[in-house]
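Engineer: Please put together the full structure from these sequences, using the hints given.
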Amino acid sequence: LPPPGGGQQQQPGPSEAPGDLPPWVVREREREAAEQGGGGLPFGVYLLASAIVAIAAVGSIFEFANKNAIFGVVSPDSFLYLPILGVFGLTGLPMAGFLFVKGVSAANAMAKRMDDLDGY
12 LPPPGGGQQQ
22 QPGPSEAPGD
32 LPPWVVRERE
42 REAAEQGGGG
52 LPFGVYLLAS
62 AIVAIAAVGS
72 IFEFANKNAI
82 FGVVSPDSFL
92 YLPILGVFGL
102 TGLPMAGFLF
112 VKGVSAANAM
122 AKRMDDLDGY
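Sequential numbering of the sequence shown, starting at 12, is according to the working numbering.
Honestly, the hints are just simulated from the structure, not real lab data. Values in this document were obtained by computation on a predicted structure and should not be read as measured data. It is possible that some hints are incorrect.
Simulated DEER-style distance windows between Cβ atoms [said to hold, decoys possible]:
1) 41 / 108: 29 to 39 angstroms
2) 34 / 70: 47 to 57 angstroms
3) 93 / 38: 49 to 59 angstroms
4) 115 / 95: 29 to 39 angstroms
5) 72 / 35: 50 to 60 angstroms
Note that beta-carbon positions come from the ideal geometry of N, C-alpha and C, so glycine has one too.
Structural biologist: Written as structure tokens, this is what we have:
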């Protein structure tokens, strides 16, 4: 027998409660929402950038302490020596911390989305 309503199955509307929908429909909607609202970089990119910036900042501090030339190009008696190392040294560590926190937050958000999709 054909279902009532002329043989067409009705799709659940967006106003229905999630408990009324089959689990596969809920998962598909959550997956679509995650794909649309998942802007930003992957967490690994943030963590890699954090490590690189932290290494550059610490290296700049050591360069300044030992009075070595920057890449063998800018000598310690140059007027650009202190501003270049100062920018890297003073802004590098806070930037590395910010990128690390951003990477961990992105990883936690991805883990939460995966848990939601798996039904945990």
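Engineer: Measuring from beta carbon to beta carbon, are residue 34 and residue 70 in 47 to 57 angstroms?
Structural biologist: holds (52 angstroms)
Engineer: Is the hinted range of 29 to 39 angstroms satisfied by the C-beta distance from residue 115 to residue 95?
Structural biologist: holds (30 angstroms)
Engineer: Are residue 41 and residue 108 spaced within 29 to 39 angstroms by their CB atoms?
Structural biologist: holds (32 angstroms)
Engineer: Between residue 93 and residue 38, does the beta-carbon spacing fit 49 to 59 angstroms?
Structural biologist: This hint holds: roughly 57 angstroms between Cβ atoms.
Engineer: Quick one: are residue 72 and residue 35 within 50 to 60 angstroms, going by C-beta?
Structural biologist: The hinted range 50 to 60 angstroms holds for residue 72 and residue 35, with Cβ atoms some 55 angstroms apart.
Every hint from the earlier list agrees with this structure, and none is contradicted.
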